[in-house]
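**Student:** Listed here are the chains, written in short residue letters.
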Amino acid sequence: MISLWIITGVALLVSLAADRKKTLAAIRRGLKMFVGVIPILLGVLAAVSLVLTAVTPRMLEGILSGTGLLPFLSALGVGSIALIPGFIAYPLAAVLRQSGASVPVLAAFITSLMMVGVLTLPLEARYFGWRAALLRNGLAFCGAVIVAAGMAWVLR
Amino acid sequence: MNSLLVRKVRTVAGKTWPWFLFAGVVVVWAYSLLRADFAFGRKAGENLTSFLVEMASVLPPMFLLVGLFEIWVPRKVIERYAGLRSGMRAVPWMILLATLQAGPLYVAFPVAIGLWRKGCAPRNVFIYLGAFSAMKIPMLTFEVAFLGWRFSLARTLISIPVFIILAIAMERLLPADFLPPGLEEQGGAEI
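Protein chains in written order, with this note's numbering: chain B, 222 to 377; chain U, -6 to 184.
Hints are computed from structural coordinates only; laboratory data are not their basis. Incorrect hints may have been included.
[To be verified] Derived DSSO-like pairs (lysine-lysine); straight-line CA-CA distance at most 27 Å:
| # | chain 1 | residue 1 | chain 2 | residue 2 |
| --- | --- | --- | --- | --- |
| 1 | B | Lys242 | B | Lys253 |
| 2 | B | Lys253 | U | Lys69 |
| 3 | B | Lys253 | U | Lys36 |
These numbers were taken from a predicted model, which means no experiment stands behind them.
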């Protein structure tokens, strides 16, 4: 995070030294885009925090640690809907593994978590349109299944 | 008349739902401050706060960088390295760009639109998004620490061909003249 701010600061300074007018135009552009997306972002983040509160780690342990197809499908479902930041998701996955979740289930969970975002669809649609957003998420879901299946085969 | 009303209600609902949802969580959180036994509200408030902190720490610099990128980087450069005729040569560039970043996938959307506006081929835009979701270096270090390098390595290596193929499928499945609505923001594709 800090490195991102430093890089941005240096880039702004270099840009300012090169051309004041262009830099101001760039800042205006960036801020305008940021402000424009704030309302929908707040809504999405509110929805995500509600879901994340309703679904507790203990609940996930119960759903995902069994054997068979059901935990695998649940992992895909939960992973697709939820938006869990990496610093929570990976420790959670480690806990799930200790409580008996299999490698394919973990892979399905992590992969769908990162590639599919049902709750962030309104945000994605704002940039790409509903058609492209739904298509990307649908394909990414298939991709998550393939990656999880591949991992089950490689790490068996 | 009736359909006009429906359409109007729909537009207003489409514009206001984020605020209602946000206000709802704030109210639930505020209520939990009065009632000590209302853990759900407190937890929801904490979650929302952590998301807002994440957003506030990543998005402003990202948008400033996108602004600088759009003003300074010539269209020709992106067209040459990631345009329609760039072929597979563009893949390493897209992956490199994506892996150096951090944060949730929604951070990548404005960057993806910025690339698209500069003449990056749709396929490469989606390769960028795929790489962003599957193999950011800051996330990989986390993954290795908690799930082990075998898991991380296998997942990354299997993901690469998958997201490249998905991106090609995306480009094929979208109409040839498809333009994302995000492009129209800020004066369209001419910059």
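**Student:** Between the alpha carbons of B/Lys253 and U/Lys36, is the straight-line distance 27 Å or under?
**Tutor:** With Cα atoms ~32 Å apart, B/Lys253 and U/Lys36 exceed 27 Å; violated.
**Student:** Assess, step by step, whether the Cα of B/Lys242 is no farther than 27 Å from the Cα of B/Lys253, and give holds or violated.
**Tutor:** 16 Å, holds
**Student:** Please verify whether B/Lys253 and U/Lys69 have alpha carbons no more than 27 Å apart.
**Tutor:** Distance of about 25 Å is within 27 Å: holds.
The earlier numbered hint that this structure contradicts is number 3, and it is the only one.
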